[in-house]
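Based on the provided sequences and hints, a complete structural model is requested.
Protein chains in written order, with my numbering: chain A, 21 to 341; chain B, 413 to 713.
To be clear, the hints were calculated from the coordinates, so they are not data collected in a lab.
As the structure is a computational prediction, the values presented were derived from the model and not from experiment.
Take the hints with a grain of salt, since some may be wrong.
[Claimed, not checked] Each computed SDA-like pair below joins lysine to any residue, with the alpha-carbon atoms no more than 20 Å apart:
1. A:K55 <-> B:Q610
2. B:K529 <-> A:K151
3. A:K108 <-> A:G98
4. A:K154 <-> B:V444
5. B:K529 <-> A:V62
6. A:K332 <-> B:E527
7. B:K708 <-> A:P155
8. A:K151 <-> B:L503
9. A:K154 <-> B:P676
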Amino acid sequence: MSSSAPSAAPPRQGGPRPSPPVVSLRSSRPRYGEKILYAGLVLAAGVSILTTVGIVLSLIFPAIRFFQEVSIGEFLTGTSWTPRFADKSYGVLPLITGTMWTTAIALAVSVPMGLGAAIYLSEYAAPRVRKTLKPVLELLAGVPSVVYGLFAVTFVGPVILQGVFGINVGTFSVLAAGLVLGVMIIPTVASLAEDAMSAVPRSLREASYGLGANRMRTVLRVVFPAAISGIAASIVLALSRAVGETMIVAMAAGGQARMVGSATEEGQTMTGFIAATAMGESVQGTLAYNTLFAVGLTLFVITLLINLISIKLVNKFREVY
Amino acid sequence: MTTSTVEPTEQPRRLVAAANGDRDLTSLVFLVLLWGCLAFGIFSLAVLLFNTAMEGAGRLDAQLFTNYTSQLRPESAGARAAIFGSLLVMLTTAALSIPLGVAAASYLEEFASRENKFAQLVELNVQNLAAVPAIIYGMLAAGFAVLIGLPRNTVLAGAIALALLILPVIIVSTREALRAVPREIRQGSLALGASPMQTLLRQTLPAAIPGIATGTILALSRAVGEAAPLLLLGGLVFVRFDPNGLLSGFTTMPIQIFDWAGRPQVAFQELAAAASIVLLGLLLAMNALAIIIRNKFSSQR
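Encoded structure:
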């Protein structure tokens, strides 16, 4: 059978059919509906970029108006924050020290507790135990922060700190706020650290056991170092959560912005200031309103830096194995 | 005829050989410490729930659900406006965030190549936005509302803030659900002549629905419990009416709890604890629903 000309092949009976003259893998008719749908998907993905741009723009314009009235130098180095007093001063350092205190206390709770729980769940717990206890632990992250705030004010401060430990704290203290904040972010540390340790290849553990190391030694000398970038990422993420958490510190840390000198004092954090001032129905365009956004911008820049470090670490630990 | 001696590769057995090495004192102390860490977290949760239940039990009555809040009479004040507000905001948030999140995740997972610069930028943004403080989203929504001339304290503005807040969570969990759909389903569909978009809409997405539902419900439960972004919208604290539309004023359960907890009278603290029980009950129900969907799905596989 000779090869027929590509055009005008009449239908014939019997014998193998010739292949169609023009072979196209594309669909025969354009699918405009699909193109529109695809554009919709791309746009939806673009929303996340728009959100970042929107955040920057919505923070930066009021902040610029703020810095037209208050110099950046005074804002960043001043040690007195009294925007609501007659004698106003706009030094953000008291708010930053407040945030540092609550964050440090929170990390002092959540990092050891979270890592310990992660090691237990990843290396020691039987699969069934892990399957039950992990969701229970993660419920800690699901409790609303206002409920934690109420818990800090009505129970941790007066009953635990004053009653059980006899520490002389007032109604509000960075200690109570920080402790409760730390409990809230335990699952943040534990989940990511456990993922990182579970991703360490079994062969490394087998080699360690084969050399005669017991489980503790294997965990501390082999698994932990191998998972270190994921563990670091979990701590950095917890840091970012602690810096940005609002309701607990707004309810339990107190409303006075001052340079906090000890854990039993009260102090205001950046987020606490934003929450307290926003409650007061500030009018747009006023200096008080712009102050919110100047503090918000400071908070955003700080957490952005922390997040970028955390993203770098996470991507690194994903690459290793 | 000999049977193959190679065992089929099943689940690898747990390593137990070294368990006998955990007999010296240091190892035991270490193990007890690890136990303590886990127990501390779970114990804290138990104390938190128990304490909230004890403090609020006295005011967990019908008035809590039927009455509006009050400045002067905490003994008969209720969270009616807040309960309706939370439900309406949750529905609006879901309507905004689920289509956007699922669409964005479908693009990233099914269409974008790894080298695509736009997709890389989107991924970096999603990773960063997931850790941006919640209160910043309130500033975004407030700024946006002012820009388009909308009053700030509306259901729509609140829902936009919360939808953007949980969008990264929905995107990440939808991508995981899509990734769990076997490749063979896509290949079979494509081999039968379906276009990639038809494959996504008729095969991949329906197969991923249980996973997407689980992740979405968990994300929504986070939105329901969140108060910080809504504070920035202003005027939400003392609301004595039911929200009646997207542009209506509103308040939500967490805001109401925050307001009551900050008042000096003990009766208001009790009221805050009672409202916390209601909120926790709602969130627990949502979490349970998510777990049921996940378990039902994983037993089918």
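Hints versus structure:
1. Pair hint A:K55 plus B:Q610 holds up; C-alpha atoms about 12 Å apart against a cutoff of 20 Å.
2. Between B:K529 and A:K151 the alpha-carbon distance is near 39 Å, which puts this suggested pair outside the 20 Å criterion.
3. Distance check on the hinted pair: A:K108 and A:G98 sit about 12 Å apart at the alpha-carbon level, within 20 Å; holds.
4. Our distance criterion of 20 Å between C-alpha atoms is met by A:K154 and B:V444, whose separation comes to about 18 Å.
5. Between B:K529 and A:V62 the alpha-carbon distance is near 13 Å, which keeps this suggested pair within the 20 Å criterion.
6. A threshold of 20 Å between alpha carbons decides the hint, and for A:K332 with B:E527 the separation of about 18 Å falls inside it, so the pair holds.
7. At most 20 Å may separate the alpha-carbon atoms for a hinted pair to count; B:K708 and A:P155 meet this at roughly 16 Å.
8. At roughly 31 Å between alpha-carbon atoms, A:K151 and B:L503 are farther apart than 20 Å, so this suggested pair is violated.
9. Between the alpha carbons of A:K154 and B:P676 the distance comes to roughly 38 Å, so the proposed pair goes past 20 Å and is violated.
Of the numbered hints stated above, those contradicted by the structure are hints 2, 8, 9, listed in ascending order.
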